[in-house]
Amino acid sequence: MNDATLGVGFALLAYLLWGFQPIYWKQLLDVNSYELILHRVAWSYPILLAFLAINGELKTYWTAITTPATYKVYSVSAVLLGINFFFSLWAVNAGHILQMSLGYFVNPLFSVLLGVVFLKERLPLLQWIAIGIATIGVVIVTIGYGEFPWIALTIAAVFGFYGLVQKKAPLSGLVGCSVELLMLFIPCFIALLVLEFRGTGVFGHSGASTNWLIVGCGAATILPQIAFVSCLKYITLSVLGVVQFVGPTIQTLVGVFMYDEDFSSMKLAGFCCVWVSLVIFTFDGLRSKPNKSSNADDDVKDLEGDENTSSDNNSKAEYQSVV
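In this text, residue positions in the sequence shown follow the working numbering: the first is 224, and each later residue adds one.
Because the hints were derived from the structure by calculation, they are not lab data.
Model, not experiment: these values are computed from the prediction.
Glycine included, each C-beta is placed from N, C-alpha and C at the ideal position.
Do not rely on the hints blindly, as some may be mistaken.
Restricting the straight-line Cα-Cα distance to at most 16 Å, the calculated cross-link-like pairs of lysine to aspartate or glutamate (EDC-like) are [claimed, not checked]:
no. : residue 1 : residue 2
1   : K456      : D226
2   : K249      : D507
3   : K390      : E344
4   : K249      : D483
Label pairs and their in silico Cβ distance ranges [said to hold, decoys possible]:
no. : residue 1 : residue 2 : range
5   : P291      : R345      : 32 to 38 Å
6   : H428      : K390      : 39 to 45 Å
7   : V417      : K390      : 54 to 60 Å
8   : K282      : D483      : 46 to 52 Å
9   : I288      : S432      : 32 to 38 Å
10  : H428      : L349      : 52 to 58 Å
11  : L416      : V502      : 45 to 51 Å
12  : R510      : E419      : 51 to 57 Å
Hey, can you work out the whole structure from these sequences and the hints?
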């Protein structure tokens, strides 16, 4: 198996796991979303630490968490990550899988707009056209829902700002994610203890299946992220730009065909506009990519930068992609 095939395999694994993740959260409908997010963070953190140990990155992680300057950057990104965790989980269990998937479809375009506003980046004409078509799509979806699709746009905005903050992140890959999870883990763990002392916690007081599913929240959150970070070593960002839409596409299918969420002709028309905009956006990216980088090594170097820059801004920006 060559590197490109291995990389695509890791990428597909990540987005397949993210795409089918709503099915997992649906098994925990009896657990309050607020408590579930606490467990999601609490069980994710030790799994990620174990992976860092296996990967020989604990020393780097320890240096990071004992450096006060680290928290200046990651405090903001940790809050944004926590918000994304909550909304993506709450949206599923509240019956809004389609809005969540729309948010992740729109996110790349929203991120580009943030680059224009905050980083003074210039966009080619085709990308402006793509953004315009996507905007029309959102308007059509709004009409279809009969209300503003605030869940979708909140997810897109939160994740877009998360990616923007990562531009200043000094750490790479899962080490940076570990710092963020540490900052979330401490208050989440304390909150779980409070629930336990009050006797209102679910874990340990429900059936065995529910308890094990709660424990599995950590693996459901971290495993796709590990697969995603692994794929970056082997494939170009151009390929990744195409594969990234596998996740929200699966989420859309899951919402419509498994959980019977309403997908009227008006909503379909809006989604089609967004899909067309993404085709244009991806085509323009693939067309211009050879001028910037022609192989996977160059793309990874772009991600890695030097020791004072983030080596994995894009991977962190995707940490949701469907989380």
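Inset, instruction - Against the earlier hints, flag every one the structure doesn't satisfy and list their numbers going up. - result: Failing hints, ascending: 2, 7.
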